[in-house]
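**Q** These are the residues of each chain, in order.
2 protein chains.
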Amino acid sequence: MSRVIVSCFGLSIDGFSAGPDQSLDNPLGVGGTTLMEWVFPTRTFQRMHGGGGGDTGVDDDFAARGFANVGAWILGRNMFGPVRGPWPDDEWKGWWGTNPPYHVPVFVLTDHPRASIEMEGGTTFHFVTDGIHTALTRAKAAAQGQDVRIGGGPATVRQYLQAGLVDEVHLALSPTLLGSGEPLLTGIDMPALGFRCTRHVASPHAMHVVLSK
Amino acid sequence: MSRVIVSCFGLSIDGFSAGPDQSLDNPLGVGGTTLMEWVFPTRTFQRMHGGGGGDTGVDDDFAARGFANVGAWILGRNMFGPVRGPWPDDEWKGWWGTNPPYHVPVFVLTDHPRASIEMEGGTTFHFVTDGIHTALTRAKAAAQGQDVRIGGGPATVRQYLQAGLVDEVHLALSPTLLGSGEPLLTGIDMPALGFRCTRHVASPHAMHVVLSK
Numbered sequence: 000m001s002r003v004i005v006s007c008f009g010l011s012i013d014g015f016s017a018g019p020d021q022s023l024d025n026p027l028g029v030g031g032t033t034l035m036e037w038v039f040p041t042r043t044f045q046r047m048h049g050g051g052g053g054d055t056g057v058d059d060d061f062a063a064r065g066f067a068n069v070g071a072w073i074l075g076r077n078m079f080g081p082v083r084g085p086w087p088d089d090e091w092k093g094w095w096g097t098n099p100p101y102h103v104p105v106f107v108l109t110d111h112p113r114a115s116i117e118m119e120g121g122t123t124f125h126f127v128t129d130g131i132h133t134a135l136t137r138a139k140a141a142a143q144g145q146d147v148r149i150g151g152g153p154a155t156v157r158q159y160l161q162a163g164l165v166d167e168v169h170l171a172l173s174p175t176l177l178g179s180g181e182p183l184l185t186g187i188d189m190p191a192l193g194f195r196c197t198r199h200v201a202s203p204h205a206m207h208v209v210l211s212k
Numbered sequence: 000m001s002r003v004i005v006s007c008f009g010l011s012i013d014g015f016s017a018g019p020d021q022s023l024d025n026p027l028g029v030g031g032t033t034l035m036e037w038v039f040p041t042r043t044f045q046r047m048h049g050g051g052g053g054d055t056g057v058d059d060d061f062a063a064r065g066f067a068n069v070g071a072w073i074l075g076r077n078m079f080g081p082v083r084g085p086w087p088d089d090e091w092k093g094w095w096g097t098n099p100p101y102h103v104p105v106f107v108l109t110d111h112p113r114a115s116i117e118m119e120g121g122t123t124f125h126f127v128t129d130g131i132h133t134a135l136t137r138a139k140a141a142a143q144g145q146d147v148r149i150g151g152g153p154a155t156v157r158q159y160l161q162a163g164l165v166d167e168v169h170l171a172l173s174p175t176l177l178g179s180g181e182p183l184l185t186g187i188d189m190p191a192l193g194f195r196c197t198r199h200v201a202s203p204h205a206m207h208v209v210l211s212k
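Quick mapping for you: the protein sequence lines, in order, are chains A and B. The first sequence begins at 0 in numbering that gives the first Met the number 0 and counts up one residue at a time. The second sequence begins at 0 in numbering that gives the first Met the number 0 and counts up one residue at a time.
It should be emphasised that the hints constitute simulated quantities derived from the structure, not laboratory data. Check the hints yourself; a few may be wrong.
Stated by the list, open to error - Which stretches of chain B does chain A cover? Using the computed rule of at least three CB atoms under 8 Å from a CB of chain A, they are:
| # | segment |
| --- | --- |
| 1 | 12 to 25 |
| 2 | 35 to 42 |
| 3 | 190 to 197 |
| 4 | 201 to 208 |
Computed from a predicted structure; not experimentally measured. From the three backbone atoms N, C-alpha and C, an ideal C-beta is built for every residue, glycine too.
Chain A extracted, bound-state conformation (with noise of 0.2 Å):
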């Protein structure tokens, strides 16, 4: 059956799953790399940016369970790239090159029309300007069975959990303060929203717990 899955979304101590003042050169905000240091060294984030090796355990088996089964995606407009308002060209193609590591069909939410852009690699970006309904309509026709991951930003996964319309969440907890930045479930009653905690699991570098109905 088709879910609607968020993975290894990181949470801070504080709270936070983004940093402030995203840009060009903190696309997850200021201190908002901290929040996955635990994904840097593993294998599967290695291979799929072009390295080699890497530490396979926990935080790779979470890592490659982020990927696994997953026919869609659908990300926020900022997830997508810094760029702000109506597209002033077609440059921007995301922050992940001309490969991008989705390799399926993958939604943007936006409220500026763009064009289709097909990436290397199977990755075809879409722009969906009637909100978040139609792009998960669109997203589970893609994905074919398979589940559906929203990829985040925090805005995006928070108006995705208050529609009730969320299956399944992993979060890394990470040991980090950000003091600042974009909140993930304040304000949010996840119990209320069928949620509970369903397992959780320790890395040296994070504690990853998965929420699910």
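Following the hints, complete the assembly by docking chain B onto the known chain A.
**A** Okay, now just chain B, sitting in the frame of chain A:
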């Protein structure tokens, strides 16, 4: 040197350090005991409550550390008890029976004056009606060079953090969702207060993080 510390403070995935609706039956609020499941099996906790045995290891190390070199405590009114408003009589003497686990002077913040209560085992409850600074001055004097531990609840810890009076915070990030209750760090910029995460270590029950300056 006498420090001001917060120790063994549970924090849920969604940022709460106590559940909602504290009462006689739910001293930590509804669901709040799930924040402390890491501590119940420890040798330190078991001994403190008259039991034998108990587990050693990471969780016990942190539980014991929270009582080492503590010369005085400060508690908020709600951590002392569920009674609100003026004290109806002298009947309520804390949640902990005739021999509380403090064994040193304990300063209770309240708007309502009350005579000090000497308990068995060296604990004396003093009631402070003129604010957190006075309570800290009195606690430091009573601690005679040892540390002052801010015992809670969350609102009391927040007040001392926001006033810049805390030197170290140990949190146990607990794999639980509360949905509502008393947030601990929401709206407090810990890095701006000088804190960073200086240590983290996980047990099967929680990820312990130490925030210091």
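**Q** If a hint holds in the structure, say so; if it doesn't, say that too.
**A** Structure-based check of all given hints:
1. 12 to 25: holds (count 3)
2. 35 to 42: That given contact is violated, which follows from only 0 residues of the segment 35 to 42 of chain B lying within Cβ reach (below 8 Å) of chain A.
3. 190 to 197: holds (count 5)
4. 201 to 208: holds (count 6)
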